Structures are given as structure tokens and as C-alpha cells.
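My request is simple: use the sequences and hints to build the entire structure.
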Amino acid sequence: DQQVKQNSPSLSVQEGRISILNCDYTNSMFDYFLWYKKYPAEGPTFLISISSIKDKNEDGRFTVFLNKSAKHLSLHIVPSQPGDSAVYFCAASAQNTGNQFYFGTGTSLTVIP
Amino acid sequence: NAGVTQTPKFRVLKTGQSMTLLCAQDMNHEYMYWYRQDPGMGLRLIHYSVGEGTTAKGEVPDGYNVSRLKKQNFLLGLESAAPSQTSVYFCASSYSMRRGQTEAFFGQGTRLTVV
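Residue numbers (this note's numbering), protein chains in the order written: chain A, 1 to 113; chain B, 1 to 115.
Hints are supplied without guarantee of correctness; some may be wrong.
[As the list claims (entries may be wrong)] When the alpha-carbon atoms are kept at most 25 Å apart in a straight line, the in silico SDA-like pairs for lysine to any residue are as follows:
(1) A:Lys5 / B:Gly77
(2) B:Lys9 / B:Thr113
(3) A:Lys68 / A:Tyr39
(4) B:Lys9 / A:Lys71
(5) A:Lys37 / B:Ser18
(6) A:Lys56 / A:Gly16
(7) A:Lys68 / A:Gln95
(8) A:Lys54 / B:Phe105
(9) A:Lys37 / A:His76
(10) A:Lys5 / B:Met41
(11) B:Lys57 / A:Ser12
(12) A:Lys37 / B:Thr5
(13) B:Lys14 / B:Val50
(14) A:Lys5 / B:Arg44
(15) A:Lys37 / B:Thr86
(16) B:Lys57 / B:Phe105
(17) A:Lys37 / A:Leu11
(18) A:Lys71 / B:Arg44
(19) B:Lys9 / A:Phe46
(20) B:Lys9 / A:Lys68
(21) A:Lys71 / A:Pro40
(22) A:Lys71 / A:Arg61
(23) B:Lys70 / B:Val114
(24) A:Lys37 / A:Asn7
(25) A:Lys68 / A:Ala94
(26) A:Lys68 / B:Gly77
(27) A:Lys56 / B:Pro39
(28) B:Lys71 / A:Thr45
(29) A:Lys68 / A:Val78
[Stated by the list, open to error] Restraint-style ranges between C-beta atoms, simulated for each label pair:
(30) A:Tyr39 / B:Gly40: 27 to 33 Å
(31) A:Leu11 / B:Thr15: 33 to 39 Å
(32) B:Asn73 / A:Glu58: 35 to 41 Å
(33) B:Met41 / A:Asn27: 17 to 23 Å
(34) A:Asn57 / B:Gln72: 38 to 44 Å
[What the hints assert, rightly or not] Just a sample of chain B residues kept apart from chain A, beta carbon distances all over 12 Å, derived:
(35) Pro8
(36) Gln17
(37) Leu22
(38) Tyr64
(39) Lys71
(40) Asn73
No wet-lab data here; the hints were simulated from the structure. What you are looking at is a predicted structure, and each value in this text was computed from that prediction instead of being measured. Ideal Cβ positions, reconstructed from N, Cα and C, are used throughout, including at glycine.
And the structure:
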């Protein structure tokens, strides 16, 4: 059973606007959450993370929000750029599960110039 | 700095053949992982290792074996390949959680087709 879910397989956004990617999880023991970006024919690259003791983490144009009560996190990209077009995976881990990272199914973001 | 290197990058196997995928990391990471990526399924953990000489099963371990004889290398073996193992395989590595929360670094992937 998928413990990390990304219910939107794809998203299209105009350049300069905000992109919001969503992720839900079911395991309440998860305490660390990450977003990865993946271009075709490349491996995923780390983008931003958040610990469960925080509800927001910001890095330049990227902000991740965590709502623990709803078991939901989101990635905001502002402003969106054509180079942001990629597949975005969210991932989660729990300290008591031996460092395993559980990934969602990914959201393909297209930023239209 | 090479990071995580996977070999080979592409391979076509016939059903029943065997092969080994090699992963090497130069970041002195304790943990290493093998994932497979399939359309609509995201990244699923096959096996992982928390240190030299240790391995553990992930979400989808059946049909695969692994070995971690050296800290920097993690091998994934397919003893008798099946068409269901057609996938893109990613190796990753990370520091131990005991060092604090950390991210995994991924290799470029191996595209395997079993015919």
C-alpha cells in the first residue's frame, strides 16, 4: 500500500506564476520529508526538505509546507520558470524505520513560456 | 567528485539470463539503496544496506539479491531475469540518520529491458 501519495500526475503552469505540488502520507511515524526533481534520463536530485518539527521551510524560489494534522505537504515554486519543467517526487522517512525513504508516484510539471 | 555512479547505463537481457548492476559512491556514505522506477509507480525500494556487510529487504525484494562487501559499493543481482523486471533502476546513498536528517543522492540510472 502506497504510504506516500501524489494524486496529481501532471500540472501545467504559466511562466512567472506559482506552481503548487501536493503530497499526502499515511504513516504518522514519518518525521522527515523531502522533495526531489527529476529530468528525463537523469537520476532524481534533492531539492528541499522539512523536518516534522517545522511547518515551513524556504530555499529561494522553493517553499515546502507541512501540515502534520492533515498528513499533507506541498511544494510552492514562485515564480515558475521553464527550467522547472520536470517530474517532482515527494519522499518521507522515519527515524525508527532504518533510514528508508518512501517515495510518491511523482507529478510532472510543465512550465509554459 | 563523481558522487554515485551506476554501471551499466543500458542493458537488454533475455528471460532467464542473469546480471549484476554495480553502484559505487565516493561520499563515504554509510547507507546505500536500490530503487526501481516504473510508470505510475514512482520509486520503490528493492533492497538497502546500512553498512558494509549488511543488507535488508525493501518494498519489492523478490527476484533480486544484493551484496555490500565494500562500503563504497552496492551490487544488485538478478539471478533469472523476467520481463516484469524491465524497469529503470536507481542506486542511491546517504549518511546515517544518526548524523541527523539527511537526503539521499542518486545515480543516473540503469535502463534494463528483459525480452
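Checked hints:
| no. | hint | in the structure |
| --- | --- | --- |
| 1 | A:Lys5 / B:Gly77 | violated, 29 Å |
| 2 | B:Lys9 / B:Thr113 | holds, 11 Å |
| 3 | A:Lys68 / A:Tyr39 | violated, 29 Å |
| 4 | B:Lys9 / A:Lys71 | violated, 37 Å |
| 5 | A:Lys37 / B:Ser18 | violated, 32 Å |
| 6 | A:Lys56 / A:Gly16 | holds, 22 Å |
| 7 | A:Lys68 / A:Gln95 | holds, 16 Å |
| 8 | A:Lys54 / B:Phe105 | holds, 23 Å |
| 9 | A:Lys37 / A:His76 | holds, 13 Å |
| 10 | A:Lys5 / B:Met41 | holds, 10 Å |
| 11 | B:Lys57 / A:Ser12 | violated, 37 Å |
| 12 | A:Lys37 / B:Thr5 | holds, 18 Å |
| 13 | B:Lys14 / B:Val50 | violated, 32 Å |
| 14 | A:Lys5 / B:Arg44 | holds, 13 Å |
| 15 | A:Lys37 / B:Thr86 | holds, 23 Å |
| 16 | B:Lys57 / B:Phe105 | holds, 19 Å |
| 17 | A:Lys37 / A:Leu11 | holds, 14 Å |
| 18 | A:Lys71 / B:Arg44 | holds, 21 Å |
| 19 | B:Lys9 / A:Phe46 | holds, 21 Å |
| 20 | B:Lys9 / A:Lys68 | violated, 39 Å |
| 21 | A:Lys71 / A:Pro40 | violated, 29 Å |
| 22 | A:Lys71 / A:Arg61 | holds, 23 Å |
| 23 | B:Lys70 / B:Val114 | violated, 29 Å |
| 24 | A:Lys37 / A:Asn7 | holds, 17 Å |
| 25 | A:Lys68 / A:Ala94 | holds, 14 Å |
| 26 | A:Lys68 / B:Gly77 | violated, 39 Å |
| 27 | A:Lys56 / B:Pro39 | violated, 30 Å |
| 28 | B:Lys71 / A:Thr45 | holds, 22 Å |
| 29 | A:Lys68 / A:Val78 | holds, 23 Å |
| 30 | A:Tyr39 / B:Gly40: 27 to 33 Å | violated, 19 Å |
| 31 | A:Leu11 / B:Thr15: 33 to 39 Å | holds, 38 Å |
| 32 | B:Asn73 / A:Glu58: 35 to 41 Å | holds, 37 Å |
| 33 | B:Met41 / A:Asn27: 17 to 23 Å | holds, 18 Å |
| 34 | A:Asn57 / B:Gln72: 38 to 44 Å | violated, 31 Å |
| 35 | Pro8 | holds, 14 Å |
| 36 | Gln17 | holds, 24 Å |
| 37 | Leu22 | holds, 15 Å |
| 38 | Tyr64 | holds, 16 Å |
| 39 | Lys71 | holds, 15 Å |
| 40 | Asn73 | holds, 17 Å |
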